[in-house]
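There are 4 protein chains.
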Amino acid sequence: MWSLEQVSQHSSPASCWVILKNNVYDVTDFLQEHPGGAKIILKYAGRDATSAYEPIHPPDALEKNLPSSKHLGPLSATATQSVADDQQNRKKTKDEVRVEEALLQRPPLGRILSLADMEAVARKVLSHKAEAYYSSAADDQITVTENARAFSRFFFHPRVMRPVGKCDASTTILGYKSSIPVFVCGAALAKLGHPLGEVNIAKGATTTSIIQMVSSNASMSPAEIIAAAAPSQPLFFQLYKNVNDAVAEKRVRDVERLGYKAICLTVDAVVPGNREKDIKSPWVMEDLERGSPKLHVEGEGTEDGDAVFGTAGALIVNDDRDMTWEKTIPWLRSVTKLPVMLKGIQCVEDAVLAAEAGVDGILLSNHGGRQLEYSLPPLEVLYKLRKQRPDVFDKLEVYIDGGIQRGTDVLKALCLGATAVGLGRPFLYAQSAYGEAGVVKIVRILEREIITGMRGLGAASIKDLKPEMIERVDWEPLPRAKL
Amino acid sequence: MWSLEQVSQHSSPASCWVILKNNVYDVTDFLQEHPGGAKIILKYAGRDATSAYEPIHPPDALEKNLPSSKHLGPLSATATQSVADDQQNRKKTKDEVRVEEALLQRPPLGRILSLADMEAVARKVLSHKAEAYYSSAADDQITVTENARAFSRFFFHPRVMRPVGKCDASTTILGYKSSIPVFVCGAALAKLGHPLGEVNIAKGATTTSIIQMVSSNASMSPAEIIAAAAPSQPLFFQLYKNVNDAVAEKRVRDVERLGYKAICLTVDAVVPGNREKDIKSPWVMEDLERGSPKLHVEGEGTEDGDAVFGTAGALIVNDDRDMTWEKTIPWLRSVTKLPVMLKGIQCVEDAVLAAEAGVDGILLSNHGGRQLEYSLPPLEVLYKLRKQRPDVFDKLEVYIDGGIQRGTDVLKALCLGATAVGLGRPFLYAQSAYGEAGVVKIVRILEREIITGMRGLGAASIKDLKPEMIERVDWEPLPRAKL
Amino acid sequence: MWSLEQVSQHSSPASCWVILKNNVYDVTDFLQEHPGGAKIILKYAGRDATSAYEPIHPPDALEKNLPSSKHLGPLSATATQSVADDQQNRKKTKDEVRVEEALLQRPPLGRILSLADMEAVARKVLSHKAEAYYSSAADDQITVTENARAFSRFFFHPRVMRPVGKCDASTTILGYKSSIPVFVCGAALAKLGHPLGEVNIAKGATTTSIIQMVSSNASMSPAEIIAAAAPSQPLFFQLYKNVNDAVAEKRVRDVERLGYKAICLTVDAVVPGNREKDIKSPWVMEDLERGSPKLHVEGEGTEDGDAVFGTAGALIVNDDRDMTWEKTIPWLRSVTKLPVMLKGIQCVEDAVLAAEAGVDGILLSNHGGRQLEYSLPPLEVLYKLRKQRPDVFDKLEVYIDGGIQRGTDVLKALCLGATAVGLGRPFLYAQSAYGEAGVVKIVRILEREIITGMRGLGAASIKDLKPEMIERVDWEPLPRAKL
Amino acid sequence: MWSLEQVSQHSSPASCWVILKNNVYDVTDFLQEHPGGAKIILKYAGRDATSAYEPIHPPDALEKNLPSSKHLGPLSATATQSVADDQQNRKKTKDEVRVEEALLQRPPLGRILSLADMEAVARKVLSHKAEAYYSSAADDQITVTENARAFSRFFFHPRVMRPVGKCDASTTILGYKSSIPVFVCGAALAKLGHPLGEVNIAKGATTTSIIQMVSSNASMSPAEIIAAAAPSQPLFFQLYKNVNDAVAEKRVRDVERLGYKAICLTVDAVVPGNREKDIKSPWVMEDLERGSPKLHVEGEGTEDGDAVFGTAGALIVNDDRDMTWEKTIPWLRSVTKLPVMLKGIQCVEDAVLAAEAGVDGILLSNHGGRQLEYSLPPLEVLYKLRKQRPDVFDKLEVYIDGGIQRGTDVLKALCLGATAVGLGRPFLYAQSAYGEAGVVKIVRILEREIITGMRGLGAASIKDLKPEMIERVDWEPLPRAKL
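Protein chains in written order, with UniProt numbering: chain A, 1 to 483; chain B, 1 to 483; chain C, 1 to 483; chain D, 1 to 483.
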């Protein structure tokens, strides 16, 4: 039972304690191992760190990373009260005040007609940090934009005089039923946007019968998330493979035991992308709070090392940078019987290699434009694959993600041979704006748009969608209006 | 003879009466059948609904949809006076005030030099509801814009040293004479823009000797409209086929008896498109009147089902979604001897099927971009048809609509083999801005532009317009300035 | 000797007199023949019309159009004084006041570095009417802009390590020496921009040794203009062929006698283009003077017939609309021994026909985008001609005009095989901004830019410019900044 | 020992003395030889010219250009003090005041995440003159922009499942080691941006182990610059060949003796480009100081000859305009044993000629868009060379410069076969903003971006970068946001 004064003695790199949810932890030895760097922990040395810690760490992070000898035990009742009072009395930051007002100004959910409408609300109600983390992408954000623009180059050849009174948009993904050819793509840190985080998504996906792919970097544990879904509702697990095979194996076996139905191995994010908006986010908030920008002082340190990876970078610092076709796929097959999907295939050559390696599915993805700037848009890779190697579609299932906003986008991917498409950010935005109801809402919107589109195309079921119904035009269509 | 108090007793779903043009109707049983949903009727339950009803329903709508037993008879004289007084004393909405002022600010008709000038005036004098209904298109309004942009990719190879002193722009459409190769395309709800509605168009088309295609969804009855035209002036009828063949047959036989000269079967609108501007229009007006936006209340219904089809959706809720080449064309031929045109062919394959099915004409159209977003622009389909299947032009007449604004647009379509082009929105705008005189004006403008263009091309008559006079360029020309 | 009162009696269509430069004319019979329509003359019926007449009519217009019996003789001295006083005391229009101020604000001529700088000054100092007439083009002004944009698609393959210390940009056009491969293109109504009008251009062209092509529609007579040039300086004459062969022949023989060295027959302007900015110009000025726009009055005439041709339309109302290769070229050869150039060839096919017809030169031109909207840019026609029919360049000289602003534009045309390029508007702008000095200035700018460009390309003389030095790129380069 | 009064007697073209760093010089005879024209010197005739002279002349300029007999000796102590006082008391110009404030507003260097961030700071802290000189380019600045845009057309085919844990970005250039495949391109007049000028770059390049190419037109002498670098650090010399072979030979032998490791012969700048922003810069500052623009006076000189070359033009007025492959390369080989690189090859044909001439390397460059407008972007030339003549890459090293801003830009050039890329302006901006630390910073940024990019591509070393990893797309990707 610790007093605040006792904890406050340990506020230096030499001895660094922090309070998390009314328990005290000695993180002195852990400082150098922290994926997010020592600096951010030292900011909270000797005091309560809960509000900074919670939205970006799953609840099992402490157990997994800190030996139990460093769990020093609970605060005293007085100290607990004092921490609560401090939290209560704390002056709100300007950003918190802005967010509270924005939440009150949300339009009725019934007036949200499109995913763009939903994103517009979310962008307003998100904290600056969350908005920066969710929306940021590599370098100059070209790739994230081009992912979406790619869809605008594909036009339809709609067929008329075909019966579409009955129209069915359901399909299967790796053998599991989905109400529409859409799944929730692995997207990290949902709690940054809403206190219920990934649970909102799990519940909404259950309600609407679509599959959720849960990220290794979720802000909740795989167990918490799957518990929120209906028992009958399949979930997939997105694996960031740890450099240590034993750690990685344990992770895979854990999620298989929890009931996850497939392993999606991330192959496009062995190092963090350069997400400047995310990296700059703390400075923006600091300047906002201060009311004026920080200025250059001669002699000041010229590097700001901790900062250059942002929230994103910290999450994958221990990932395996030396995976190979020869080594990694057989290893994964050896530790699980679940179907295996590769997330992050970015060219035809690697799609062919994946088929040869015998994986069950590939997700054509450039990580939502968050990794390598100028990676080809997934829809373009899909189009090339269709033209150059149509045989690959017979060997495994192909999915894409990146830039999908409308039912017609989904239909374009399906015409070209995709089994389904993944959406990441739209689900983060939806749950941030309206919680679980937001998640349900955007699935309903997509369902309506997909069925309207199928009828417009003359397709009564998913199998009626054909490559000849689509054409890549040679002019530059207008982009959708920017949010 | 009803008093207002009596009517006002019936203001719930259990018993719902409304007043229309001083007659009382019991619509309780009809609530669930109303194409526009029950909610909108209930807004007027127990009171006068005339101002909302009239601009969007043809006068025969009541007879056709409500058994005579539900026609409860007229209001008392006192009640009639009271309704009139209410209408008189009613505080004008902000939108009505704006429209009245805009009408006073119109420039002299003599200063309208182009269809864009006309549209600019109309956009100002239209009610928000009408402007939204007329201008709205599917999803992000890409297709409606691309329809127009397509024309900008075609440049001319003008020929010189050819005699063009005498220049004749007249032609025939399905055997009927037209002063210029332009017809009025089926466009619904003209009364939303002007109290005389489709009659303005019928009179203007007579004056200028062009053919009007009258929509099933006109705000006036086919009989009223044809009565306004000169007896010698041909009109075509645009059919939205009812799911019930008997209802559809009656409709066809009725218009044939009235003197319509062709049936244009709509094939691209079996379900309503997603026209968000139209759907949002009531909310915009509501917020405008209230002076602040409606806000989200937790627990509120998450769906707003009635709204998601807008004005447009309500019109086609009973249409046949299971038409086929094998069934529908022979049926239509069996119930009429009139020539048959298909409206809404969107690809080469279906143009070929139409020729094989033996129809008399096809209108390459994506419904002005109002149905399936990313349907290829009609001009591009025409260009493909010319290149891939020039034989189709020998088997039937080909028309296009969508995005035509200038005489040169018309000439481009004709060079590629079109017999004529249809314009829809421009006629709605013209009659909204200046009534019948507006309709005449834009035909005169088009005539002048077409003849100037023919002379510039070295063409003295329509048959001198050839594919070799036109080229699809490989760069992106500047768009016309946006209105 | 007439008094003002006497003249003022004749102010109706029945008897219409006007005063021009202190002489009285009876134009009653001429009203219906006036190319600009009766309405504009009647505005000045019974009074002085000099200020409206002078800038847009050559001084010989009266002799040519009005029988001498209608020349009623001079005003009395009193009347002359009165007219002068009126002119003196007349309240300046808002536009005149603006122009006077703009003239005072011109930057020093030494600071004009480019043709764009010059145009920017001119646009400010021109009257609204002049600016509208000079800058206006057909329909939506797409063609005029595309003419210029075409140049941006051509990039150079510059050659290095070639001696360019001595660099000579001179050439010959139809055998006549020119200091640079640039000529003044026929451009009408220079007096609208500057009181000395075409004489500014003639003097500046003499100073810089370039050839001026004088328009039939110049605001000064061919005699006045050639008199301003040095005797040794060649001038060409741009012929708008009158529908009456005898009138046309007299015109040709007159200019040959005056010493013009070539006849440039205009073939792309048999009817006026639709130049809306020009047509709208009087309304803009009227509204400006009134301080508020003119509004629509129900019942008002719906056509404004006189207006729809603008200043431009009036000039060519009597031109021959039925010229042919078979008839017109032999006729022209029969009435003159001068070399013949055709101005307004717009496609490869007609360039070939011109070569077969044996003309000496062709000017690929779409009339600066003022005639048929969407006529291919001349540079694109030149490029096609080079690729499809390079033999044509051996049979006649080829020139282009339209959109040229920089020395590199000139060099691009020459690399593709043009002998020289014509500029029209830039000379009108230059003389409007600074008179003769402005004309000299832009030739000097072009000369410097051409020589800098030749050296950059590794070309020491005009003949070193080759097709292989240029490439049409397949992307859309940035446009130059709009003025 | 001169008094100020004595010097002030000589303030005319007939006798013109100036004070430079407290010494007096008679420049009367030199006036006509001054590359920047006489006018600019006469502005300072009879008084101190140090502040104008120093930032744009290397310190040995006087010895090289003025016979010692014209070095008249030092000012008296009183005069020296007086000059210093004047300098002290001089009212700062508006531009100087703005720069001083901007320097105080710089963000901390740690917050500079990209070269664009750095440029944004530099653009604010540079004097107008420096900003104009650094940023200006030919004509309408199309080429400088297209150089950068070219990179946006190339997208990657990233490869996954390749070991990239160890990743090495180092390479060699003409046999000399470089930490990353980037060198400092010859860029003139660094002192315009920072008092330590090129020395900042030399020190920063040493710290980060990259090679600096020093320009003939540096604002410091080759000796001063190489002295600032570590002895082990290689530097190259960019030669502008003097028209006089003997002068040129001396220059080459001097730099070889000083220890420079290669000669980069400039072949694309035999005459100054037309850099209007640079030329206009003095007028802009003059008007700024005056508070109103200078106006045109009739009769004023119509040419402003001194001005039309700007700062840039003055620097190369004595360069050899008649270099040839046959004469110049053998001459250069005869006067030095150093490796020879040609800077400014702009097409495939000349790359082939360079290989045949046996040079060691070619820098594909259009001088940063500062010479011939519409010279093809270097990346496009590189792409053509790879496709048309891949054999050239085996015969010499190929580099490019122009428009490089990001690590991915570097990687694109290397995938296509470039050995390394040069950056010019970014180093000028970096040293202007933060001196030497700025130079180090941008190399660190590029290093981080290059290594992140290589890992994203699946490349562990420079040799793993292959043409098949890159694709030139056929659409127009979005540009990076403009600064």
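Hints are supplied without guarantee of correctness; some may be wrong.
With a cut-off of at most 30 Å between alpha-carbon atoms, the simulated BS3-like pairs for lysine-lysine come out as follows [as the list claims (entries may be wrong)]:
{"#": "1", "chain 1": "C", "residue 1": "LYS94", "chain 2": "B", "residue 2": "LYS466"}
{"#": "2", "chain 1": "C", "residue 1": "LYS124", "chain 2": "C", "residue 2": "LYS280"}
{"#": "3", "chain 1": "B", "residue 1": "LYS280", "chain 2": "A", "residue 2": "LYS166"}
{"#": "4", "chain 1": "A", "residue 1": "LYS277", "chain 2": "D", "residue 2": "LYS124"}
{"#": "5", "chain 1": "C", "residue 1": "LYS466", "chain 2": "D", "residue 2": "LYS124"}
{"#": "6", "chain 1": "A", "residue 1": "LYS129", "chain 2": "D", "residue 2": "LYS294"}
{"#": "7", "chain 1": "C", "residue 1": "LYS395", "chain 2": "B", "residue 2": "LYS466"}
{"#": "8", "chain 1": "A", "residue 1": "LYS129", "chain 2": "A", "residue 2": "LYS327"}
{"#": "9", "chain 1": "B", "residue 1": "LYS94", "chain 2": "B", "residue 2": "LYS124"}
{"#": "10", "chain 1": "B", "residue 1": "LYS94", "chain 2": "B", "residue 2": "LYS384"}
{"#": "11", "chain 1": "C", "residue 1": "LYS94", "chain 2": "D", "residue 2": "LYS124"}
{"#": "12", "chain 1": "B", "residue 1": "LYS466", "chain 2": "C", "residue 2": "LYS466"}
{"#": "13", "chain 1": "A", "residue 1": "LYS463", "chain 2": "B", "residue 2": "LYS384"}
{"#": "14", "chain 1": "D", "residue 1": "LYS166", "chain 2": "C", "residue 2": "LYS124"}
{"#": "15", "chain 1": "B", "residue 1": "LYS294", "chain 2": "A", "residue 2": "LYS129"}
{"#": "16", "chain 1": "A", "residue 1": "LYS294", "chain 2": "A", "residue 2": "LYS129"}
{"#": "17", "chain 1": "B", "residue 1": "LYS124", "chain 2": "C", "residue 2": "LYS94"}
{"#": "18", "chain 1": "C", "residue 1": "LYS277", "chain 2": "B", "residue 2": "LYS166"}
{"#": "19", "chain 1": "A", "residue 1": "LYS277", "chain 2": "D", "residue 2": "LYS387"}
These are computed hints drawn from the structure, not numbers from a lab.
Going down the list of hints, with the structure as the test:
Straight-line distance between C-alpha atoms of LYS94 of chain C and LYS466 of chain B comes to about 50 Å, which puts the hinted pair past the 30 Å bound. Restraint check for LYS124 of chain C and LYS280 of chain C: satisfied, since their Cα atoms lie roughly 19 Å apart, inside the 30 Å limit. Between LYS280 of chain B and LYS166 of chain A, the direct Cα distance comes to roughly 28 Å. Compliance with the 30 Å bound is thereby established for this hinted pair. At most 30 Å may separate the alpha-carbon atoms for a hinted pair to count; LYS277 of chain A and LYS124 of chain D meet this at roughly 22 Å.
Pair hint LYS466 of chain C plus LYS124 of chain D does not hold up; C-alpha atoms about 44 Å apart against a cutoff of 30 Å. Straight-line distance between C-alpha atoms of LYS129 of chain A and LYS294 of chain D comes to about 51 Å, which puts the hinted pair past the 30 Å bound. Under the criterion of a C-alpha separation no larger than 30 Å, the hint pairing LYS395 of chain C with LYS466 of chain B is consistent with the structure, at around 28 Å. The hinted pair formed by LYS129 of chain A and LYS327 of chain A fails the criterion: a straight-line CA distance of about 38 Å is larger than 30 Å.
Simply put, LYS94 of chain B and LYS124 of chain B have alpha-carbon atoms about 14 Å apart, close enough for the 30 Å limit, and the pair holds. Pair hint LYS94 of chain B plus LYS384 of chain B does not hold up; C-alpha atoms about 48 Å apart against a cutoff of 30 Å. Proximity of LYS94 of chain C to LYS124 of chain D is assessed by CA-CA distance (about 41 Å); at most 30 Å being required, the pair is judged violated. At roughly 35 Å between alpha-carbon atoms, LYS466 of chain B and LYS466 of chain C are farther apart than 30 Å, so this suggested pair is violated.
For the given pair, LYS463 of chain A sits about 26 Å from LYS384 of chain B by alpha-carbon distance, which is consistent with the 30 Å threshold. Annotation: proposed proximity of LYS166 of chain D to LYS124 of chain C is violated, straight-line Cα distance about 64 Å (limit 30 Å). Distance restraint check for LYS294 of chain B and LYS129 of chain A: the Cα-Cα separation of roughly 28 Å lies within the 30 Å cut-off, and the hinted pair is therefore satisfied. Restraint check for LYS294 of chain A and LYS129 of chain A: satisfied, since their Cα atoms lie roughly 18 Å apart, inside the 30 Å limit.
For the suggested pair LYS124 of chain B and LYS94 of chain C, the alpha carbons sit about 29 Å apart, so the restraint of at most 30 Å is met. For the suggested pair LYS277 of chain C and LYS166 of chain B, the alpha carbons sit about 27 Å apart, so the restraint of at most 30 Å is met. Of the supplied pair hints, the one linking LYS277 of chain A and LYS387 of chain D is violated, its CA atoms being roughly 38 Å apart against a limit of 30 Å.
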